[in-house]
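Chemist: For the protein sequence lines, the chains are A, B and C, in the order given. Heads up, the first sequence is in this note's numbering, so the first residue is 33 and it goes up one at a time. Heads up, the second sequence is in this note's numbering, so the first residue is 193 and it goes up one at a time. Heads up, the third sequence is in this note's numbering, so the first residue is 143 and it goes up one at a time.
Worth flagging that the hints you see were computed from the coordinates, not collected in a lab. Mixed in with the good hints there might be a few duds.
Derived, one-sided and incomplete: chain A residues facing chain C with beta-carbon distance under 7 Å [what the hints assert, rightly or not]:
| no. | residue |
| --- | --- |
| 1 | 98 |
| 2 | 102 |
| 3 | 167 |
| 4 | 291 |
| 5 | 292 |
Computed from a prediction, not measured in an experiment: that's the story for all the values here. Ideal placement from N, C-alpha and C gives every residue a C-beta, glycine not left out.
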Amino acid sequence: MSGYYKKWFWPLALPGLILFAAVVLVPFLVGLFYSFTAWRGTYFVGGSAWSSFVGLENYARIFRSRQFLHALLYTLEFTALAVVSIGAAGLLLALLLDYVGKRVALFRTVFFLPNLLGGLALGFIWQFIFQNVFTEMFGEGGLNIAFLTNMTQDSTKNLFALVIMVTWQMAGYMMIIFVAGLNNIPRDLYEAGSLDGANAWTKFRYITLPMLMPSITIVLFLTLASCLKLLDQNVALTNGSFNTSMLSLQILRTVRYTQPPDYGQAQAQAVVFFILVAIIGLVQVYITKKKEVDA
Amino acid sequence: MIRAASSEVRKPAFRLPGGKVAAYAALILLALCTLFPLLFLFVNSFKDQGAIVARPMALPREWSFAYLSSALSQIHFVQAALITAGITIAAVCLIVFCSSLLSWMLVRNDSASSRILLLALTAAMLVPFQSLMYPLIHQFESFGLKNIPGLILMYGGFGLGMSVFLYHGFMRSVPLALEEAALIDGASIGSLFFKVVFPLVQPITVTVVILNALWIWNDYLLPFLVLGNAEHKTLTLELYYAKMLAGQFSNPWELIFPAVLGSIVPIVVLYLFLQKYFIKGVTEGAVK
Amino acid sequence: MGMRTTRSRWTAGAAAFALGAALLSGCGSREAKVPANYDFYIFNGKSENAQAMEEVVDRYEAETGLTIKLFSLGTTDVAETLRSEMNSSGKPALFSTNIGGVMEWSESGAILDLNEASNPELKALAADVPEALRLSADGSQNYGIPYNIEGYGLIVDTRMAEQLFDLKNPQSFLEDFKAATYDEFENLVNQVEAYIATGQAEEVELNGNSYGFAAAKTELTSRLTGVFAEAGAEKWTYGDHMGNMAMNAVFGSAVDARNASEEQVDELEAPLEKLVRTLDLYSSRAAGMDGPLKRGPSYINSTTASYDVSVQLFSSGKALFLKQGNWVYPNIEKLNADILPTLTFLPIKLPLEQGDIKVEGLTVEKFNRSVPEFVPSYYAINTKVTKREQELAQQFLVWLNTTEEGRRAVVEDFQFIPYNADESVKFDNALNNSLIEYQLAGDTLSNPFNGSPAGGAYWGQEVFGSILQERYYNREGEWMPDDYRTIAEQAVQGWKDVMY
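Start from the sequences, fold in the hints, and give me the full structure.
Modeler: Have a look at this one:
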């Protein structure tokens with residue numbers, strides 16, 4: 033039997049593997065190599081890839097680059113805030129839906145709706161809302177909350193503007209995952225809890241949360257990855273003005289803001305970016321998996 | 193999971209303070225917050241620039257379709273929607289075809305090397321696009337593939353990681369006995385896969401289709417890099433260029449809002465009809 | 143199926159990858175191919191003349207029987223698009239570039255040094271491009287033929303000045319304004335502000351001559367709500383264009399700024415400090431729709447939709463000055479065509495001292511009577527296409543810049559000020575004519591901001607402009623001399639941060 037499948041392995045697996053190699057693996061390895069060269073996008077300094085080999089110079093330069101370090105920090109700050117905010121909002125929605133139980137289809141439809149829209153389209157709408165509507169609504173004469181005015185023209189405020197926007201967009205998705213998770217919790221656990229005299233908070237803390245760990249793992253994985261790599265919303269909202277570039281945008285901008293365009297350096301930034309995403313992703317999966325087992 | 197709970201008398205997993213009235217009130221409020229930007233977009237797609245800027249929250253004095261129709265013609269709406277749909281459908285088919293076959297073979301040939309392959313494929317989910325986009329574009333360009341077919345192939349490659357991950361998780365639960373029985377009945381490899389395996393994994397196929405279709409439909413960066421300002425653009429790209437070409441030094445909202453509205457209508461309509469599958473797809477994808 | 147076959151298949155797979163990688167490193171050195179369905183390809187990186195260029199190229203095609211591929215694009219992505227076209231199999235023979243792109247194309251060898259052009263007429267044409275307007279990497283080359291001249295300054299409606307000061311002949315007032323010192327200018331601004339508020343103000347002195355205000359406001363002057371029409375949301379209006387004024391004290395050209403040393407960047411601090419003082423004056427005397435516009439959130443928000451709002455303030459007579467370039471002419475035309483004939487440029491003045499100026503031969507007096515004029519874009523020839531395509535592209539450039547028909551196309555169809563304009567070139571556009579006057583008088587400054595790090599737009603907007611908007615225009619309250627210095631220091635530091 034296994035011989036039969038072995039015979040068919042290459043013919044059936046090959047289309048996928050070729051695609052993977054051509055689109056992901058080879059360009060990734062080539063990119064890794066280019067990050068050690070003075071590559072300019074359309075040519076190499078000195079004529080060929082080998083003659084433009086610069087060793088670790090590109091890497092040394094990006095760690096001296098304030099812009100890159102700022103983008104790195106900005107990305108981490110944003111991701112930390114956004115992951116918590118999206119997770120909390122998604123969980124709140126799921127708890128509400130789960131609690132009311134009936135007539136939830138319409139709400140579910142509405143909450144999931146923002147996920148359908150592209151970051152660029154969303155960003156254009158929100159840019160106007162932050163610049164004009166919020167500034168009017170929260171400005172003097174309105175609710176007078178200075179923090180919520182002109183949010184896209186200030187590095188710190190824009191961080192929160194982005195968080196508001198991605199929470200709005202992604203909470204509905206996470207809600208669906210949490211709803212499925214909540215449905216998996218055996219109801220008698222709560223009855224047992226009630227008999228033991230547990231109040232709402234202790235039940236939430238000691239029954240709901242631990243039982244939701246598998247969903248939390250998935251939510252964390254999904255939000256971490258998409259927040260770290262966020263680009264479209266960043267482009268549409270500020271396009272990097274006022275020191276608001278996150279890493280994805282910074283890498284794109286590096287070739288615009290260097291003359292001649294320093295693709296080698298951008299490539300080195302991308303490699304560092306990859307390492308960062310990979311480490312955070314793996315650590316997160318490791319920790320939450322461990323918690324799941326413990327719980 | 194969802195199915196199991198609904199048959200018995202339904203009890204909430206967790207009781208919220210404040211009672212059901214408060215919960216409904218909160219839901220309605222949150223739903224309005226969620227809908228606000230979209231309603232805002234809708235209302236402002238029928239106003240002129242002056243009215244948008246001066247009174248963004250007001251309903252239009254008269255509902256003029258002039259802005260919508262001029263924006264739709266500027267973003268070549270019909271052409272762009274067809275192109276985007278074509279690219280999305282072709283890429284999703286490619287992804288489903290390649291990743292289901294590949295996953296099947298990986299599941300049925302469980303060895304150290306196939307586990308390494310699976311690891312490499314799933315690790316690709318962590319690779320930021322930026323770390324390979326320049327070499328990728330360069331390489332495809334040199335093969336004459338810096339065009340729509342090339343774009344479809346690229347999506348095929350990028351969608352593979354997540355899709356194999358999903359299929360692989362699901363296919364492990366497909367009993368080998370079913371396939372053996374079919375083989376004994378003399379099934380060919382083709383009918384074994386398409387008649388036995390593929391129908392069994394249909395739920396996860398829905399997930400793969402929905403999740404991939406969503407990001408491909410809305411993707412901006414890849415079409416921007418591959419097609420750029422070519423004659424045939426995707427909807428997102430049309431939107432981007434409509435804003436850029438209208439003047440880098442100004443925001444022509446009377447063009448942008450109706451263009452955004454036009455660009456999101458197809459997917460929203462599709463969602464309203466197929467939302468059962470959207471929700472199911474997302475749920476299945478998360479549970480595995 | 144034994145273990146051995148599996149392993150050999152793995153080896154085969156690895157070999158296939160290696161082959162793929164080898165193929166990759168081999169590409170990129172393809173020979174120029176003869177294009178299939180056109181004779182040569184023009185990449186026009188300027189959207190202003192996109193339509194007109196199409197018509198001009200059509201006429202040229204009819205005249206010569208050639209088939210030309212034309213592609214026009216003028217956005218911030220133009221560099222990426224051009225790069226992609228230059229890397230494709232259908233490369234443009236004629237492309238547009240400027241100081242931002244010249245390092246790339248000279249390093250790759252794609253740009254033809256016109257000193258070595260094969261067409262003798264083009265070679266001669268290039269040799270005649272004034273030294274200050276040439277495109278080069280280090281000053282020795284001559285890479286392009288200028289598209290046109292653009293310039294900016296304080297746009298004023300002379301009728302407004304006439305009625306403010308009850309002038310018989312505005313010409314002498316304009317001349318005195320040009321020659322005036324910064325202090326005289328500052329006093330004029332303050333007195334105009336007082337006149338707007340109270341209808342009364344003291345006499346002002348310009349170039350030693352006194353001008354008294356009209357006893358009563360006219361219908362026109364009573365519309366004024368402020369002295370300057372400002373676009374607070376548009377960082378390029380102050381970051382790039384005003385930043386360029388300070389740079390002109392240190393750098394004589396974009397090439398100089400491109401090759402700046404760290405010492406030269408330090409020298410920028412003093413003029414920048416003076417510039418911020420000027421920006422303080424402008425932003426505290428700004429016009430709004432119904433009254434003066436104060437700094438603070440509304441200073442930014444009034445123009446988030448577009449800088450057209452500031453153009454509108456000026457066009458409707460609410461502001462005396464609009465600091466803008468000749469490119470706003472079509473915008474004004476849409477808003478209030480009546481004022482078009484009486485528009486003119488006045489120089490932007492800075493409170494510089496001679497010690498602040500490092501450019502040889504430039505005095506404070508000359509600085510304060512000059513307007514910046516520069517070439518935004520150049521035509522360049524691509525060496526990576528076939529000889530025939532290069533030849534045809536050169537012929538087109540010669541035709542456009544030397545024949546009567548071509549020169550007429552530049553002036554009438556493109557509405558461009560030719561880089562080599564003489565007295566005979568006259569426009570319906572009063573702003574263009576005003577720039578030509580400054581050009582012929584030699585009272586011009588340059589565009590070093592295009593040579594500032596990261597392609598011009600970066601330092602001006604993301605560093606200098608951002609500091610101003612985020613921390614100063616956005617807040618109410620006075621600016622202190624300490625603020626002037628802080629802004630200048632941070633802007634200089636921001637420049638050094640991106641110097642490699």
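Chemist: Have a go at the residue 98(A) hint: is there a Cβ in chain C nearer than 7 Å to its own Cβ?
Modeler: Since the shortest Cβ distance to chain C is 5 Å, the answer is holds.
Chemist: Minimum Cβ distance from residue 292(A) to chain C below 7 Å?
Modeler: holds, 4 Å
Chemist: Under the criterion of a CB-CB separation shorter than 7 Å, is residue 167(A) in contact with chain C as hinted?
Modeler: holds, 6 Å
Chemist: Go through the hint on residue 291(A) and say holds or violated, using the shortest Cβ distance to chain C against 7 Å.
Modeler: Check passed: Cβ of residue 291(A) comes within 5 Å of chain C, closer than 7 Å.
Chemist: Given a cut of 7 Å on the nearest C-beta pair, is the interface hint for residue 102(A) held or broken against chain C?
Modeler: Given a least distance of 10 Å, the restraint on residue 102(A) is violated.
Of the numbered hints listed earlier, the single one contradicted by the structure is hint 2.
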